[in-house]
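Protein chains in written order, with numbering that gives the first Met the number 0: chain E, 0 to 213; chain G, 0 to 213.
There may be inaccurate statements among the hints.
Which copy? The list can't say, so a pair holds if one copy fits it or any two copies do.
[As the list claims (entries may be wrong)] Derived lysine to aspartate or glutamate pairs resembling EDC-like cross-links, with alpha carbons at most 20 Å apart:
(1) 107 to 181
(2) 168 to 143
(3) 186 to 164
(4) 41 to 181
(5) 186 to 40
(6) 210 to 9
(7) 156 to 24
(8) 13 to 24
(9) 13 to 181
(10) 13 to 52
(11) 210 to 77
(12) 6 to 40
(13) 31 to 185
(14) 156 to 106
(15) 144 to 77
(16) 186 to 9
(17) 131 to 106
Hints were generated in silico from the structure; no laboratory data involved.
Here the structure is a predicted model, which means the values were calculated and not measured.
2 protein chains.
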Amino acid sequence: MNDKSKKVPEVVVKRLPRYYRYLGELLKQDIKRISSNALSEKMNVTASQIRQDFNYFGGFGQQGYGYNVEHLYSEIGEILGLHDGDTTVIVGAGNLGRALASHDTFEKRGFKLIGIFDNDENIIGTSINGIKVMSSDTLEGFLEKNRVDIGILTVPKAAVMETAERLVKCGVKGLMNFSYTELNFDKDVAVENVHLSDPLMTLSYKIKQNKNGE
Amino acid sequence: MNDKSKKVPEVVVKRLPRYYRYLGELLKQDIKRISSNALSEKMNVTASQIRQDFNYFGGFGQQGYGYNVEHLYSEIGEILGLHDGDTTVIVGAGNLGRALASHDTFEKRGFKLIGIFDNDENIIGTSINGIKVMSSDTLEGFLEKNRVDIGILTVPKAAVMETAERLVKCGVKGLMNFSYTELNFDKDVAVENVHLSDPLMTLSYKIKQNKNGE
Chain E
0 MNDKSKKVPE VVVKRLPRYY RYLGELLKQD IKRISSNALS EKMNVTASQI
50 RQDFNYFGGF GQQGYGYNVE HLYSEIGEIL GLHDGDTTVI VGAGNLGRAL
100 ASHDTFEKRG FKLIGIFDND ENIIGTSING IKVMSSDTLE GFLEKNRVDI
150 GILTVPKAAV METAERLVKC GVKGLMNFSY TELNFDKDVA VENVHLSDPL
200 MTLSYKIKQN KNGE
Chain G
0 MNDKSKKVPE VVVKRLPRYY RYLGELLKQD IKRISSNALS EKMNVTASQI
50 RQDFNYFGGF GQQGYGYNVE HLYSEIGEIL GLHDGDTTVI VGAGNLGRAL
100 ASHDTFEKRG FKLIGIFDND ENIIGTSING IKVMSSDTLE GFLEKNRVDI
150 GILTVPKAAV METAERLVKC GVKGLMNFSY TELNFDKDVA VENVHLSDPL
200 MTLSYKIKQN KNGE
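Only chain E is shown next, with the shape it has when bound in the complex:
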């Protein structure tokens, strides 16, 4: 049952990966405990914001001496569903598709890339990161035989809607869309539209602010 009163705001959800990454860094440095104040300083979020965020998930029981880093890392990973072994396919094996296929962080976060598809005869059959590129024509057949949770779309803008619909029809439950368009599906299909020019625009804003502040 979906308890709507407990719905976590999008802005909090978007902060979870950042907490997760940062806690992973602490673990690597063999840091066992961290206070919300220390976490706050490092992450540039107020300590009360952190406590508020964590309260959506039960608070993770901070005692007087801080959070247990390993426990918190594991809990947030669980909340993010990173222990579920979600499988992915990449559709579109151009430069961006190739870059993402070789992005070892995806695997480190628990995602399993199990297929890469393209419609270019020159690319089909070549290997990227040990995976052979398959013809887009075989997409439905592949999806019938293999459970795929997430489709990563790096096809040209003109092809994205059709590709997305083919994936969804075959049961794919999440789409990561890099095609500079806004995909929207019914709420049973999750979509993240990634706009690579957004951080560039944010940067432009900050540079302008810095100039004006001089």
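Starting from the known structure of chain E, fit chain G onto it as the hints suggest.
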């Protein structure tokens, strides 16, 4: 002078590119006016949030019958500094660097890519999107002769800190970092650390929520 009382929260700044993109879409559809309610529905942000966000910049004078789309688009573009013609270089001409160099949205947003650098002899001298890849050894010389506002870093993680420092030393005021690390500079150098696995983790969360909600 930097008026700290007027500092716009990061979360509002991050929404500006979205507003800008969305208004651009409206313009393409030849829509001249939009109410904050209609904008709110399309963007999945409350109308009061939109008014609050816009109030940081003087409110853009919504009358009873809505915002003037073209005016609002132009104003937000101005605030984002997109009319300043910021110049960029890409350091690291692997798959991701190549994908970004061919990303026509960057140019559409007003950014001018004027140089691409790599240290691989096999890549130096090849052309990407009409721009010849130069040797990383020539970076300082190039930056002395050309004003570069933003450095886009698509080098391996191990090389990112050194590369960033070289750029900053030569006067680059903004860094877009794709190297799965958190770069931090003094506040006169703006940094956007782009973590491509963050939207994938958010997606995983949403898929899990959808499953639990069934």
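Okay, the hints, checked on the actual structure:
| no. | hint | verdict |
| --- | --- | --- |
| 1 | 107 to 181 | between (28 Å within a copy, 17 Å between copies) |
| 2 | 168 to 143 | within (11 Å within a copy, 54 Å between copies) |
| 3 | 186 to 164 | within (14 Å within a copy, 44 Å between copies) |
| 4 | 41 to 181 | between (33 Å within a copy, 11 Å between copies) |
| 5 | 186 to 40 | between (36 Å within a copy, 15 Å between copies) |
| 6 | 210 to 9 | between (32 Å within a copy, 17 Å between copies) |
| 7 | 156 to 24 | between (36 Å within a copy, 14 Å between copies) |
| 8 | 13 to 24 | within (18 Å within a copy, 25 Å between copies) |
| 9 | 13 to 181 | both (18 Å within a copy, 17 Å between copies) |
| 10 | 13 to 52 | both (11 Å within a copy, 19 Å between copies) |
| 11 | 210 to 77 | between (43 Å within a copy, 14 Å between copies) |
| 12 | 6 to 40 | between (27 Å within a copy, 19 Å between copies) |
| 13 | 31 to 185 | neither (42 Å within a copy, 28 Å between copies) |
| 14 | 156 to 106 | between (26 Å within a copy, 16 Å between copies) |
| 15 | 144 to 77 | neither (27 Å within a copy, 51 Å between copies) |
| 16 | 186 to 9 | within (14 Å within a copy, 28 Å between copies) |
| 17 | 131 to 106 | within (17 Å within a copy, 33 Å between copies) |
Violation of the numbered hints given earlier is confined to hints 13 and 15; the remaining hints are satisfied by the structure.
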